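Protein chains: 2
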Amino acid sequence: MDFKKYLNEQCLVVEQALARYMLPEEGGALANHIKAMRYSLFAGGKRIRPILALAAAKALHAPTEHLLPVACALECIHTYSLIHDDLPAMDDDDLRRGKPTCHVVFGEAEAILAGDGLLSFAFELLSHPEARQAIPPADQLRLINLIAQAIGPKGMVGGQSLDLAAEGQAIDFAHLRLIHGCKTGALITVSVQAGAIFGQASEEQFAALSRYGVQIGLAFQIIDDLLDVEGTTENLGKTAGADAQRHKATYPAFFGVTKTKVMAHEAVEAAIAALEIFDAQAEPLRALARYIYERNN
Amino acid sequence: MDFKKYLNEQCLVVEQALARYMLPEEGGALANHIKAMRYSLFAGGKRIRPILALAAAKALHAPTEHLLPVACALECIHTYSLIHDDLPAMDDDDLRRGKPTCHVVFGEAEAILAGDGLLSFAFELLSHPEARQAIPPADQLRLINLIAQAIGPKGMVGGQSLDLAAEGQAIDFAHLRLIHGCKTGALITVSVQAGAIFGQASEEQFAALSRYGVQIGLAFQIIDDLLDVEGTTENLGKTAGADAQRHKATYPAFFGVTKTKVMAHEAVEAAIAALEIFDAQAEPLRALARYIYERNN
Numbered sequence: 001m002d003f004k005k006y007l008n009e010q011c012l013v014v015e016q017a018l019a020r021y022m023l024p025e026e027g028g029a030l031a032n033h034i035k036a037m038r039y040s041l042f043a044g045g046k047r048i049r050p051i052l053a054l055a056a057a058k059a060l061h062a063p064t065e066h067l068l069p070v071a072c073a074l075e076c077i078h079t080y081s082l083i084h085d086d087l088p089a090m091d092d093d094d095l096r097r098g099k100p101t102c103h104v105v106f107g108e109a110e111a112i113l114a115g116d117g118l119l120s121f122a123f124e125l126l127s128h129p130e131a132r133q134a135i136p137p138a139d140q141l142r143l144i145n146l147i148a149q150a151i152g153p154k155g156m157v158g159g160q161s162l163d164l165a166a167e168g169q170a171i172d173f174a175h176l177r178l179i180h181g182c183k184t185g186a187l188i189t190v191s192v193q194a195g196a197i198f199g200q201a202s203e204e205q206f207a208a209l210s211r212y213g214v215q216i217g218l219a220f221q222i223i224d225d226l227l228d229v230e231g232t233t234e235n236l237g238k239t240a241g242a243d244a245q246r247h248k249a250t251y252p253a254f255f256g257v258t259k260t261k262v263m264a265h266e267a268v269e270a271a272i273a274a275l276e277i278f279d280a281q282a283e284p285l286r287a288l289a290r291y292i293y294e295r296n297n
Numbered sequence: 001m002d003f004k005k006y007l008n009e010q011c012l013v014v015e016q017a018l019a020r021y022m023l024p025e026e027g028g029a030l031a032n033h034i035k036a037m038r039y040s041l042f043a044g045g046k047r048i049r050p051i052l053a054l055a056a057a058k059a060l061h062a063p064t065e066h067l068l069p070v071a072c073a074l075e076c077i078h079t080y081s082l083i084h085d086d087l088p089a090m091d092d093d094d095l096r097r098g099k100p101t102c103h104v105v106f107g108e109a110e111a112i113l114a115g116d117g118l119l120s121f122a123f124e125l126l127s128h129p130e131a132r133q134a135i136p137p138a139d140q141l142r143l144i145n146l147i148a149q150a151i152g153p154k155g156m157v158g159g160q161s162l163d164l165a166a167e168g169q170a171i172d173f174a175h176l177r178l179i180h181g182c183k184t185g186a187l188i189t190v191s192v193q194a195g196a197i198f199g200q201a202s203e204e205q206f207a208a209l210s211r212y213g214v215q216i217g218l219a220f221q222i223i224d225d226l227l228d229v230e231g232t233t234e235n236l237g238k239t240a241g242a243d244a245q246r247h248k249a250t251y252p253a254f255f256g257v258t259k260t261k262v263m264a265h266e267a268v269e270a271a272i273a274a275l276e277i278f279d280a281q282a283e284p285l286r287a288l289a290r291y292i293y294e295r296n297n
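Same order as they appear, the protein sequences are chains E and V.
Per this note's numbering, residue 1 is the first one in the first sequence, and the count goes up by one each step.
Per this note's numbering, residue 1 is the first one in the second sequence, and the count goes up by one each step.
I should point out that these hints are in silico values taken from the structure, not numbers from a laboratory.
The reader is advised that the hints may include incorrect statements.
Think about it this way: if two alpha-carbon atoms lie no more than 27 Å apart in a straight line, the pair counts; the simulated DSS-like pairs of lysine-lysine are [said to hold, decoys possible]: (1) Lys46/V / Lys4/V; (2) Lys99/V / Lys4/V; (3) Lys35/V / Lys46/V; (4) Lys4/V / Lys154/E; (5) Lys99/V / Lys35/E; (6) Lys4/E / Lys261/E.
Not everything, but these chain V residues come out facing chain E in the computed CB check (under 8 Å) [unchecked claim]: (7) Ala19; (8) Leu23; (9) Gly158.
Far from chain E by the CB rule (all over 12 Å, computed), these chain V residues [said to hold, decoys possible]: (10) Asn8; (11) His33; (12) Leu60; (13) Phe106; (14) Glu108; (15) Ala114; (16) Phe121; (17) Ser127; (18) Asp139; (19) Ser202; (20) Ser210; (21) His265; (22) Glu266.
If you're wondering where the values come from, they're calculated on a predicted model, not measured in any experiment.
Backbone N, C-alpha and C define an ideal beta-carbon position, used for all residues, glycine too.
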């Protein structure tokens, strides 16, 4: 398959769906709030999470059009987490995707609210009637429950809390793995699971796709750690070297760059191995795993 | 009915359910995050929103036990909104329910995350399998969708954005009503609607309960404005006079105290009038409307 073409096409599908579902710009009283949400949502993200959901449904030979509200919700959740993580009280980052962060442009209060608004809106999309064209309501509820868990206190938000608490602390590798698993891994894994549910996966298929999701979540974060060491602010679109500056525990800090690369590669191989029960329709998932390893931003 | 006894009983029911569903305190890595959420959630709130949901279901002669996860979710959402509203970047309040606010005790970063965690956790509760003991999955999805809308960009979060933008600005009464309707009214109205859905309300009953919800939401906010003028920091448990200090538009600022009281009373009467199709099982809803008018904190 021509992966680059696939990625561009899928990215466009997601962009168009986001444009369709997201509140349009308006001149009314809410203009500023909507502008702040749209500013971060349409800042040129790679749309990895929605694309993973679409690719997982495809691996199960399922049509993906009615999955789009859910796919967009995953991107809204990811964007909200970036806006809040970048706040002065959190990581205090000025640059994201090569642009000034939301609070730099709209102020701190509106950035907090833009995040809150995107998170609430995500659940409006997750409960969207369109999903019922493809899956029974009980499955849609199961998906909402899985996503809420993945991004809540025992998932993404908890991971960010752990991450902040660990800054400048001596933590062991098990703790680093826990932080990564919660903060980054949980949303990536549940994105794959969303596609699995839309593809009406059997228990075996769901378990396999979940294993894939866990491993690419891991690979994603290891590479993120590496890019922070090896990348430049220009190609990353965010401040390079920020982890070291904040004395954050990372894979390279634990294992050095060479071994870290090996570990990322192993995670990608494990992800691809988890897909052995699937046929050629899972090729995009396999290619996405390799892409996560090879990406440079 | 003995309303005081009813209120105490219902409050206890909600407290016990919150204790049952909420993550327990733990000694592990997430200890601080969970502590921050629990600190604000168990700070002695009046539990008006969950009690409204329970009372609406009761007005429809429906059992309420399987509604409890949803009732608790409404309180989690309310608490998250208070935590974020109190942040230094927002209203910058140090006191809430007579205690130091979340960010004063746990720091700004953890307060943002405690709010985010509670909001995510609320949707875990809203999609809780227990609701399916009482209502079909499609109704549960409808409820999640209504709640997400009520608290999102066109509801509560949007209202807070409007409120911040209006500080110190000359706004007209229509705009004040819009702010109140979004910021406070939407969550109160949807709390009543949650009970209506659990009570399998007919279209006519749903419309009547929605009208009731809109009117008590209005009364609630008018009285809030009044209490800010007439109450003391001690009985309010939050800083009295904060609105005037922030040059916020309020009902008393527009109409004076006497006319404002009349308007609150009219809203309560309209709320009660909306319930005329219901029998004596709606008495708690009627009493709650009167209570909102008479409350002093």
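Verification of the supplied hints:
1. Lys46/V / Lys4/V: Judged against 27 Å, a Cα distance of about 12 Å means the pair holds.
2. Lys99/V / Lys4/V: 24 Å, holds
3. Lys35/V / Lys46/V: 20 Å, holds
4. Lys4/V / Lys154/E: 38 Å, violated
5. Lys99/V / Lys35/E: 35 Å, violated
6. Lys4/E / Lys261/E: 23 Å, holds
7. Ala19: With a minimum Cβ separation of about 16 Å from chain E (threshold 8 Å), the hint on Ala19/V is violated.
8. Leu23: 6 Å, holds
9. Gly158: 5 Å, holds
10. Asn8: Since the minimum Cβ distance to chain E is about 30 Å, Asn8/V lies beyond 12 Å and the statement holds.
11. His33: 4 Å, violated
12. Leu60: 22 Å, holds
13. Phe106: Label violated. Min Cβ-Cβ 10 Å, cutoff 12 Å.
14. Glu108: The claim is violated: Glu108/V sits with its nearest Cβ about 4 Å from chain E, within 12 Å.
15. Ala114: 9 Å, violated
16. Phe121: Nearest chain E Cβ is 5 Å from Phe121/V, so the label is violated.
17. Ser127: Contrary to the label, Ser127/V does not stay out of reach of chain E, its closest Cβ about 4 Å off (not over 12 Å).
18. Asp139: Nearest chain E Cβ is 9 Å from Asp139/V, so the label is violated.
19. Ser202: Its Cβ never comes within 12 Å of chain E, the nearest being 21 Å, so this holds.
20. Ser210: 18 Å, holds
21. His265: For His265/V, whose nearest Cβ neighbour in chain E is about 28 Å away, the distance exceeds 12 Å, so it holds.
22. Glu266: The claim stands: Glu266/V keeps its Cβ more than 12 Å from every Cβ of chain E (closest is about 25 Å).
The earlier numbered hints that this structure contradicts are 4, 5, 7, 11, 13, 14, 15, 16, 17, 18.
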